[in-house]
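Take a look at the letters that make up each chain.
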Amino acid sequence: MSTVTNTSTSMNADQDGTDGGVELREGELPPVAPEQLAAVLVAKDRPPRPSAFSVSATFGWRAMLKIKHVPEQLFDVTLFPIMMTLMFTYLFGGALAGSTTEYLQFLLPGIMVMSVVMTTMYTGVAVNTDIEKGVFDRFRTLPIWRPAPMVGYLLGDAVRYVLASAVILVVGLIMGFRPAGGVLGVLAGVALLVAFSFAFSWIWTMFGLMLRSEKSVMGVSMMVLFPMTFLSNILVEPETMPGWLQVFVDINPVAHLVAAVRDLMAGTWNGPEITWTLIAGAILIAVFGTLTMRLYNRK
Amino acid sequence: MSTAESPLAIETSGLVKVFGDKRAVDGIDLAVSTGSVYGVLGPNGAGKTTAVKMLATLLRPDAGEARVFGHDVLRDADAVRSRVSLTGQYASVDEDLTGTENLVLLARLLGHAKSAARERTGQLLDAFGLSDAADRQVKNYSGGMRRRIDIAASILNTPDLLFLDEPTTGLDPRSRNQVWDIVRAVVAQGTTVLLTTQYLEEADQLAGRIAVIDHGRVIAEGTPGQLKSSVGAGSVHVRLRDPEQRQEASSLLAQHLGTRVQLDSDPFALTARITDSGDECGAAVRASRALGELAEHGITVDDFALGQPSLDEVFLALTDSNNQLSKQDTSGTSRQGAAV
Ligand SMILES: Nc1ncnc2c1ncn2[C@@H]1O[C@H](COP(=O)(O)OP(=O)(O)O)[C@@H](O)[C@H]1O
Ligand SMILES: [Mg+2]
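Sequence order for the protein chains is A and B. Note that the numbering used here numbers the first sequence so that position 105 is 105, with each residue one more than the last. Note that the numbering used here numbers the second sequence so that position 244 is 543, with each residue one more than the last.
Calculated from the structure, these hints are not laboratory results. Heads up, a few of these hints could be off.
Among chain A residues calculated to face chain B with C-beta under 7 angstroms, some are [said to hold, decoys possible]:
hint: 1; residue: V40
hint: 2; residue: L41
hint: 3; residue: K44
hint: 4; residue: R46
hint: 5; residue: P48
hint: 6; residue: P50
hint: 7; residue: V55
hint: 8; residue: L65
hint: 9; residue: K66
hint: 10; residue: I67
hint: 11; residue: K68
hint: 12; residue: P71
hint: 13; residue: A280
hint: 14; residue: L284
None of these values were measured; they are calculated from a predicted model. Every residue gets a Cβ at the ideal spot worked out from N, C-alpha and C, and that includes glycine.
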């Protein structure tokens, strides 16, 4: 080991100075211009603090930019739903409803809910990745409305949910889905689904902040999502299920969402199920939104 | 801006952060005055990042107080946030986005209108020599470029206080010098900078005052000069003509100066500390006597220098005594931090 003395210190600095012209490894990179930098820094005026809405929208724009740069992430919201729709229609259609077209009228709204609710888990993964990459620390030192980064994710995700719904709808229409509710009924169903998914995603922002790795976020997501989507009325009517399972289906908010969306698309306005779904959404935001923000501030 | 302005940029007392049973920051008192670079020097695991994160409102202190420009970091976090910026130890820009997008995003979050955000972004990218890379994704940037974009992201609004956590760790000497230039330019415009580093040379080059921390405690504080003189009179650096004679020279110097002699990696060179204790002769006199002794034994000295102690020596001396103190009352856990 050698001691760095004052003499050798100044020698080092000299070497760096002469190296400047010779070393071309990073030579493409122009040097920092201190005078120019000084000119930028004299501007000390600070704009007024932006509104909660404005910063949330900016974070939403960030989510759009990420889709632009990493379009592969859209596979999850396009290919996966197509696969689900095809698989379940042809797998169960004949056995359960006698014909696939008939089963499709029952299945499609449910499959749409299942696919979209399943894609909500990528919110948690995105939050977790940002924390790992340190991007979050930057956001957390900004003097902005605290929940804005989270709301931004969810706004970006809402776009993905709409996209997934549209893909499934198109596939369904091609396969013979003929919703009696017409355009309005379908739009109302998708709107309710996207609103619920927005509320549901706060579970994942919480886990994204809480768990250490992307893998564990995925693991927990599966543990929650599989029972919530499969133990429901998505694939079959719950009448044939054992009593204890019917109890679970009865309290499962996803089941209420499916019933509401199914009816909306079929042209009936199911007041109680819609109310149930909205209340469940409000509770999810209240509970998991609060927990998320607590973790976000504590981190 | 508040009227009762504190003259201190940072003021902490008894600041503590505990992770499990690890006291990452263990009672730190700091007073950093405005308008200068304050260096926080310490080895890996000393608690630098933890301390900076508490000051930047990213972590809650477990005990003690911290005020930034008079604002409490807990009770008045938003006021602190509006005046400070942090460039963390690890890049905190979005790798998927381009340089421009990253900066425009942050400028918008700081409240700049679209056009103003674009203008400021363009100016900063220009000043940082990143114009050509502006529309490339940050994941394709070199280490030096990442550092620059990260610092640029911290000065979109000229901050009153800028935290730079190990800004040059892992950079090649050229990029490091460029970061130093940036730091100097920022300070020249009146921004206070708190800079953490593991490099003694860096603290010496940039900082007006330095706190040396180890195991979460401040073990020394002062100007670089004060730190040096608190450790000893200095050292004598000798360069021999014949490396074969180094062993003999070493034992002669050790004998006459009464200290340990260090053999440098250069096979011709050796360095001996000169302690203050002992007789009333000055360091220079004792050094020249020792050199005379070498000549009498037929050892040719090509070159020698009498130096103030380097920060390396300061640091080794300080941490050595600190470790000896802590050895008695702590178990292996607290020492692991230093080893990592
Ligand atoms: N989030 C954390 N959880 C547990 N231990 C931590 C955490 N952050 C830091 N530490 C520990 O605290 C000590 C100080 O870490 P740090 O502040 O990062 O030091 P430095 O920045 O000086 O290298 C280290 O021993 C580190 O392992
Ligand atoms: Mg660190």
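**OP:** Would you settle whether the hint for V55(A) is holds or violated, based on the nearest Cβ-Cβ distance to chain B being less than 7 angstroms?
**Re:** With Cβ-Cβ at 6 angstroms, under 7 angstroms, it holds.
query: How about L65(A): closest beta carbon in chain B under 7 angstroms, or not?
result: Where the cut-off is 7 angstroms and the nearest Cβ of chain B is about 6 angstroms from L65(A), the hint holds.
Given a cut of 7 angstroms on the nearest C-beta pair, is the interface hint for I67(A) held or broken against chain B?
Hint violated; I67(A) Cβ to chain B Cβ min 10 angstroms, cut 7 angstroms.
*Supplied contact hint for L41(A), tested at 7 angstroms Cβ to chain B*: 4 angstroms, holds
Are K66(A) and chain B close enough, Cβ to Cβ, to be under 7 angstroms, as the hint says?
5 angstroms, holds
Interface hint outcome for A280(A) [beta carbon to chain B under 7 angstroms]
32 angstroms, violated
Review point. With a cut-off of 7 angstroms, does the beta carbon of P71(A) approach a beta carbon of chain B closely enough for the hint to hold?
Key: Because about 11 angstroms separates P71(A) from the closest Cβ in chain B, which is outside the 7 angstroms limit, the hint is violated.
ask   = When the nearest CB of chain B is found for R46(A), is that gap smaller than 7 angstroms?
value = Hint holds; R46(A) Cβ to chain B Cβ min 5 angstroms, cut 7 angstroms.
Cut-off 7 angstroms, beta-carbon criterion: hint that L284(A) touches chain B: 27 angstroms, violated
P50(A) as chain B interface residue, shortest Cβ-Cβ below 7 angstroms: This interface hint holds because 4 angstroms falls under the 7 angstroms limit.
Query raised in the report: Taking the least C-beta to C-beta distance, is V40(A) closer than 7 angstroms to chain B?
Result: For V40(A), the interface hint holds, since the closest Cβ of chain B sits about 5 angstroms away, which is under 7 angstroms.
Given a cut of 7 angstroms on the nearest C-beta pair, is the interface hint for K44(A) held or broken against chain B?
With Cβ-Cβ at 5 angstroms, under 7 angstroms, it holds.
Checked against the numbered hints above, the structure breaks hints 10, 11, 12, 13 and 14 and satisfies the rest.
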